[in-house]
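Enquirer: Sequence:
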Amino acid sequence: MWKVALLVPVVARRTIVEDDDDSRLTVFGCAHDIIVESPHGTSRVLSEIYRESSVPLFNKYTELPNMMCASDYSVGCDDFGRVVLHKQEACGGTQTSAVERLITSPGSRRVSIRPNHRETRISFSDLLNLPRMLSGTVLLKVSDKKCSSAAPDSCYEGCCPDGKHCQLTGEQGECVTREFEAEKVCALSDTTSVAACWHLVSDVGCHTNEWALMVPLLHVGATRDLGERFEKRVETDILADVGSLERGSNLLSEKWFKLLNASILQGRRSVEQLDVVSSPCGGLFEFHRRLVDRTKALQWNSEHREASMAEITNMAASVSQQWMTKPVSARGCTNFMLRVLDGRHHGKDFGPTVIIATDPFFLFALEEALRQMDDQDADDTKLIIQLHMTDLPSPAAVNFFAPLKAYAGQAVASRVRVHSVAPVTGGSDAIARHAGLSPSQVVIEQYMPVRDVFIGDVLPRPGSDTRIVLQTPRGSLALNISARDNVTLINVGEFPEVSVVQAYGAAVQRLKAEFSALQSDGKHWIFLNCGDTTQPRYAQVYEQLVAGNADHDRLIFVPFRHQSVDALVGRSTTSVLLPHGLRCGEHLALAQRGDHRKLLIHARVPPGVSREPPKGTNGRISWEESLLDEGMVPWEAGNVRHLMSTVEASVVTPESLSFFLVGL
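Numbering-wise (this note's numbering), the sequence shown opens with residue 1 and increments by one.
Source of the hints: derived by calculation from the structure; they are not laboratory data.
Fair warning: this is a prediction, and the values are worked out from it, not measured in the lab.
There may be inaccurate statements among the hints.
[To be verified] The calculated label-pair distances, taken between Cβ atoms and stated as ranges, are:
1) 249 x 229: 29 to 35 Å
2) 170 x 253: 37 to 43 Å
3) 258 x 495: 53 to 59 Å
4) 552 x 473: 18 to 24 Å
5) 380 x 465: 55 to 61 Å
6) 376 x 168: 20 to 26 Å
7) 239 x 93: 28 to 34 Å
8) 532 x 99: 51 to 57 Å
9) 532 x 484: 32 to 38 Å
10) 563 x 523: 19 to 25 Å
Cβ coordinates follow ideal geometry from the N, Cα and C atoms, glycine included.
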């Protein structure tokens, strides 16, 4: 933990209560010596020395792209007689931070060189007489064993004279000669060349060791796509490193040129996936499953809406209390996540640089593990959690904001960066308020985490000559659509209600009788997704629609089985879709490239509400509000309201389809 607020004097060791999590930790007094253990030897700082004044231990260097940072570590004794580690960081010669940490149970702190964060080396103070480190971990330990109390011809750790170290055979050992030849990294000695040398080491070390952890829960595809983008970025950086290494080969010693070149050729995976549900944390996802199931069962009409949203919020908040309600399962989850966060679970030397996720519910699995790492390390993990919204930002998005807000003020929340498109009003401040975060933790993105195919000019546009190939239960269809033709795509999902598909099919047949009112020089194509026709109920409705599909010279009705229809989405002039976040995000992305299409969002018709809009603007607006409030869950209604405010979007039912298509 960082320096605590509840302070009490201690002599040797004393238990204190910390104000942030009410846990009890043992702290150590300044009667203890400090052992400094590196991969190349061990040294000791006597208590009588650091009690007088702070003693420098080592410097750790970080080579940022445009400057070098140095972190100075020292040990001292605070006003309450406790061992405290001081860390001062300066970048480009300017101090940027100064922090203090107590040494708490189990009586040690770790400092590692993390190349994925551009850390390159540790240089020890002359007092410790330890050689420079280029990799590995320094362990700082308290010891109540004094050098003078060792048996004759024996030693405790760090008690040998310079040039020797204590080779332990138990608690004690014997002093043996330490042989170590300092590695030469840089070939040239002038200041400019040395700086360029370490910068090159930093670049290659960072790009070949950084990796992202994907945590897919509800939106596997979106999380995978985000991971692929991270992977492509790392590949681009490494490709640039190949050229930099070749051009800078004269800066490096022969050994280090070969080491860096080998690390590039090794080709480590830069993205790993974590299946939390099947892990030791999976049992704690009962709350998550209950929330999803409960959401489907709740009544979202005007009478129960407020109570239902409160229930969702309360259930989300209960997730953060599972370490008290399920301690056995929680310990197993914590131990598992510790292995994930330090890299061991995925066979890595270091933990992930970033976690990529779309569901905030997994944060409960991180909170306790991060706290324990904070108790053990002298450095912050620097882990960032990139949390991407898959619904449009609105106060109604309690499915995302409620579990996130439950962690407001806790350590894990400070690592979160929420990525979202801009809300209709309020910008990043509004999102931060809903999430319980600081505005600096909100990243406004141009797009939701949709597939790259929806960004740019990959897909055909409305009003373009397009060839569409579709698979149906009866075979493949290849259709040539003219630039003059209108295209309506009705896509209500892979597993829609059969009655909904039938109702849209009936609406199309009614449109054929009204086709003279459809003002268009070309044909009008209407495509209807009939669902997964490998299932008998959808196969049956498909056959019914095909059998009842009378020929028409200008209105062409095409039922098809569920499949990816990206090209059809791009070519559509009217799109009927579900209010799911990513589907809405795809159409927002297409609108940003300049597409003009009518968006019709399918809504369930609640009891007591007409299936068709009343005449008159005011009546239609009131009808839409009823469908939004009572025919959708709140966050999906929020998605629709966002589209209504930003692009041409309306709410539709099968019975109201002709109202929107007549006149096209």
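Enquirer: It remains to establish, for every hint, whether it holds in the given structure.
Expert: Against the structure, the hints:
{"no.": "1", "hint": "249 x 229: 29 to 35 Å", "verdict": "31 Å, holds"}
{"no.": "2", "hint": "170 x 253: 37 to 43 Å", "verdict": "40 Å, holds"}
{"no.": "3", "hint": "258 x 495: 53 to 59 Å", "verdict": "56 Å, holds"}
{"no.": "4", "hint": "552 x 473: 18 to 24 Å", "verdict": "22 Å, holds"}
{"no.": "5", "hint": "380 x 465: 55 to 61 Å", "verdict": "56 Å, holds"}
{"no.": "6", "hint": "376 x 168: 20 to 26 Å", "verdict": "22 Å, holds"}
{"no.": "7", "hint": "239 x 93: 28 to 34 Å", "verdict": "33 Å, holds"}
{"no.": "8", "hint": "532 x 99: 51 to 57 Å", "verdict": "56 Å, holds"}
{"no.": "9", "hint": "532 x 484: 32 to 38 Å", "verdict": "33 Å, holds"}
{"no.": "10", "hint": "563 x 523: 19 to 25 Å", "verdict": "22 Å, holds"}
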